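2 protein chains.
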Amino acid sequence: MQAGGRGPLIALDAMGGDHAPGEIVAGAVQAVRERGVRVVLVGRPYELHRALAEHDAVAEVPIVRADEALTMDEGALATLRRPRSSIAVACHLVRRGDAAAIVSAGSTAGVVATGRLRLRGQPGIVRPAIAVVLPTRPKPTVLLDAGATADAKPEMLVQFAHLGVAYGEAGLGMRDPRVGLLTIGAEAEKGNKLAKRAHELLSNAAGLDFAGNVEGHDLLTGKVDVVVTDGFTGNVALKTIEGSVRYAFGQLREAIEESRLARLGGMLQRSRLRELSGRLDPESQGGAVLLGLNGTVVIAHGSSRARGIAGACELAARLASQGIVSRIGERTASTPKPHRLW
Amino acid sequence: MQAGGRGPLIALDAMGGDHAPGEIVAGAVQAVRERGVRVVLVGRPYELHRALAEHDAVAEVPIVRADEALTMDEGALATLRRPRSSIAVACHLVRRGDAAAIVSAGSTAGVVATGRLRLRGQPGIVRPAIAVVLPTRPKPTVLLDAGATADAKPEMLVQFAHLGVAYGEAGLGMRDPRVGLLTIGAEAEKGNKLAKRAHELLSNAAGLDFAGNVEGHDLLTGKVDVVVTDGFTGNVALKTIEGSVRYAFGQLREAIEESRLARLGGMLQRSRLRELSGRLDPESQGGAVLLGLNGTVVIAHGSSRARGIAGACELAARLASQGIVSRIGERTASTPKPHRLW
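Line order of the protein sequences matches chains A and B. Per my numbering, the very first residue in the first sequence carries number 24; after that it's consecutive. Per my numbering, the very first residue in the second sequence carries number 24; after that it's consecutive.
Calculated directly from the structure, the hints in this document are not laboratory data. In this text the structure is predicted, and so the values were computed from the model without any measurement. Treat the hints with care, since some could be wrong.
Since the list can't tell identical chains apart, any single copy or any two copies may satisfy a pair.
With a Cα cut of at most 20 Å, we get these calculated SDA-like pairs of lysine to any residue [claimed, not checked]:
#	residue 1	residue 2
1	K162	L195
2	K213	L100
3	K219	F272
4	K213	S344
5	K162	R341
6	K176	K213
7	K162	G147
This is chain A alone, in the form it adopts within the complex (with noise of 0.2 Å):
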């Protein structure tokens, strides 16, 4: 198994989610053959093989064994009790250079864990962080940090506005990302300490196109292309987003049946409403990407199946193709350092 040939080979955590390894080894078909993506599938060798003999596909897709497994409701410190579990392996596989990033829908702080100790963080980065992207329009937004790192210091805000700016280009073809800094008020001085301080860290910061504070209520108006915060703030504001869109739209449903219109709301929901939810759905955004390592995870959701399994494969390939950790790293090398990180 070699990562040369046609593209960047992904590494696939086939032990993580709460439909796997089913859905997953089905994902990884499905990005092999409609996808063009190269994967290797990581896990039990003998439940791996015969769901491929399912699909056909035993010789299509290559095996790597891992006998153990993060299970989904297991927190970071199982990482130190399994070394040998699935997501292990596969970071070990694009640590030896043989992958060339990974995906897994396993537990996010298992990730994470996992992720941090056996990859460890990029040359320059303190700290990852998990980017997720919000379904503005027309253009996405980038949001980062999503949770990898809760308690964040001014400096690693800065690196986070980096991280963010590689993956907007790497990943979604931005050009130029305009960076902004989720806080609680327009002005510079708005703020809790760290973003205040993060505020002027920003200005200063050489290689970023900083545009100031967004607040709340910008975050799905695309008035930046990436949004850096620390992890508790942006994994409060990604769920609250999620909460309020669903209970919007509940309440909306609940408002039609009530009417008299409901037959016709039914008609609008089978049609447009469907594409609608479709496009909040984190499966169709193909997952979170944990940046600052040496190597590139796609976070897929939990209750990803294949289609978002597949769509987490070709992102992660994108990623890799586009050289990502090495954008990354010239990204920061080029940025002096902060003397207390250092």
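Add chain B to chain A, keeping to what the hints say.
Only chain B this time, still in chain A's reference frame:
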């Protein structure tokens, strides 16, 4: 002018808000005539007298003179420059016992700074918090702090819980409200340092029904009655809810307009959607409430019209007649004081 008589007297900052003083005065007249609230207007007498005359209400609403006003774009520091601003004079009326509570549609930063300076914190409360009511159904949910204290300590979050419970009971008729902590996972150890320590303190707090952690997607599900968080996270979450609901409705409108069902969609919008967006309108909730000071301030939305102001006056009168300040005093007097703060 006396605070006795038929119910509490509300000091209304007539100079704060985008539509001051015209809509503020109209709201005062509405509060007096339609809702039976006693109101005193605080501001420039000549302007207020003239505006009252337009409603034939000169004899119904007293005026207290304040020659200065904080503008909507002035921040916290302006309160020091303007000791005789309308909001400062309103605070003075409460301190002197002439009025029972305050309503202002002025800038939140200015109102919070003036309130902290002129009313001072209640004994045992280190920092104030802003409580807002989220439009969950069938019961509302109180979220605090929505922005008064951006850098909170864990001990303050416990106090915020008491403020929120007192508000839920006195303002919304809640019985034994359940308290949740906003963080990034259901388990006790999920969160940043602040949230993890606050979880410990809340778990051991007397007089609180602590239901554990809630996440962003729980905010609108009515899972708990009171959600506590620091003012930074709370403000981001609140504005994210507003932006996401607006986004979902906008996307829906677009989907309807693009579809062949456009006219039917228009009918739908006119009927139930209007009611729904009305419920999500901050004005219909009466306003945010600044708690923890020696006097309650209802902060109406800056864009409030007469109806919103009248609702805010009604809320302020209800909170005053339910004795919210002394309820808070009783709750926090019975709890042990955190060592680090006294």
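Hint check:
1. K162 with L195: within (9 Å within a copy, 42 Å between copies)
2. K213 with L100: between (37 Å within a copy, 13 Å between copies)
3. K219 with F272: neither (35 Å within a copy, 33 Å between copies)
4. K213 with S344: For K213 and S344, the Cα distance exceeds 20 Å both inside one copy (40 Å) and across copies (35 Å).
5. K162 with R341: within (18 Å within a copy, 47 Å between copies)
6. K176 with K213: both (17 Å within a copy, 18 Å between copies)
7. K162 with G147: neither (30 Å within a copy, 49 Å between copies)
In this structure, the earlier hints numbered 3, 4, 7 are contradicted, and the remaining ones agree with it.
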